[in-house]
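Number of protein chains: 2
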Amino acid sequence: MRAALEEADAAALAGDVPVGAVLVSPGGELVRARNLREVEEDPTAHAEVVGLRAAARSTGRWRLDGWTCVVTLEPCAMCAGALVNARVARLVYGCADPKAGAVDSLYQIPTDPRLNHRLEVVSGVLADACAERLKAFFAARRREGKK
Amino acid sequence: MRAALEEADAAALAGDVPVGAVLVSPGGELVRARNLREVEEDPTAHAEVVGLRAAARSTGRWRLDGWTCVVTLEPCAMCAGALVNARVARLVYGCADPKAGAVDSLYQIPTDPRLNHRLEVVSGVLADACAERLKAFFAARRREGKK
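In order, the protein sequence lines correspond to chains D and V.
For the first sequence, my numbering gives the first residue as 925, with consecutive numbering after it.
For the second sequence, my numbering gives the first residue as 925, with consecutive numbering after it.
The reader is advised that the hints may include incorrect statements.
When chains are identical, the list treats them as one kind, so a pair holds in a single copy or across two.
[What the hints assert, rightly or not] Dumping the calculated SDA-like pairs for lysine to any residue here, alpha-carbon to alpha-carbon at most 20 Å:
hint, residue 1, residue 2
1, Lys-1059, Glu-962
2, Lys-1023, Thr-1035
3, Lys-1023, His-1041
4, Lys-1023, Leu-1039
5, Lys-1023, Arg-1038
For the record, the hints were derived by calculation from the structure and aren't laboratory data.
Just chain D, with the same shape it has in the complex (with noise of 0.2 Å):
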């Protein structure tokens, strides 16, 4: 979650919304990412669909099997459904969105035994560090007169 925080700063610094994510496969590789929405001008750019897309390229196969994501924020739909997609084993979030949460809050994709998968889920894994860095991102934007 250290890693995932440091994505989270990287994000922050080039105007994203921060929020990192580790892919942790089951050999102990890991691959970063970070939210990259407005830098990229991509509308599914989350941190978790990046780092999906960055693990899946290194492994060369859409299945993540045995794999953990790691990530600051608790997931919203986007990407909560992309990790069942996945098949990736284990999810591990920081703190939770209220707003846009589907692991615990709105939704409970991840474990929905309707699916054809499920992850293990752990949260609230340095939650007051994850939140922090959102809150001083959003405060510093409204200071800066944007919405």
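Following the hints, complete the assembly by docking chain V onto the known chain D.
Chain V only, in chain D's frame:
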């Protein structure tokens, strides 16, 4: 939807589950896309995500205000969430996906009043033609002994 069906057929020819999409800009520009999961070994490369990324590239902006997504199959959670994230205005889909559909079947993500954006949804357009492609694809795959 006829263009989306052509894309679905192209996906099947390449060995991917036959799902096709067309993104339509407010000015009538068409961006065609198809499921590329197997071809690109990318777990996020469903037709809708491929189309959203291509549409954002074509406009240079991640926000796709006023755009319409036409897709042959009811979007999954990842794709429904991506459509919300991209601020797409309308979703038109063909056949329902009772096992993973996140628009009407399992979830109603594009119309969820708790999220920060909602889409107008039209379903069932050329549904039989859309479903027929999927049935034929999976029947052929079973005959070949693949799961």
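Results for each hint:
1. Lys-1059 / Glu-962: within (18 Å within a copy, 39 Å between copies)
2. Lys-1023 / Thr-1035: For Lys-1023 and Thr-1035, the Cα distance is within 20 Å both inside one copy (19 Å) and across copies (15 Å).
3. Lys-1023 / His-1041: Between. Shortest inter-copy distance 12 Å satisfies the 20 Å Cα cut-off; intra-copy 25 Å does not.
4. Lys-1023 / Leu-1039: between (23 Å within a copy, 7 Å between copies)
5. Lys-1023 / Arg-1038: For Lys-1023 and Arg-1038, the Cα distance is within 20 Å only across copies (7 Å; inside one copy 23 Å).
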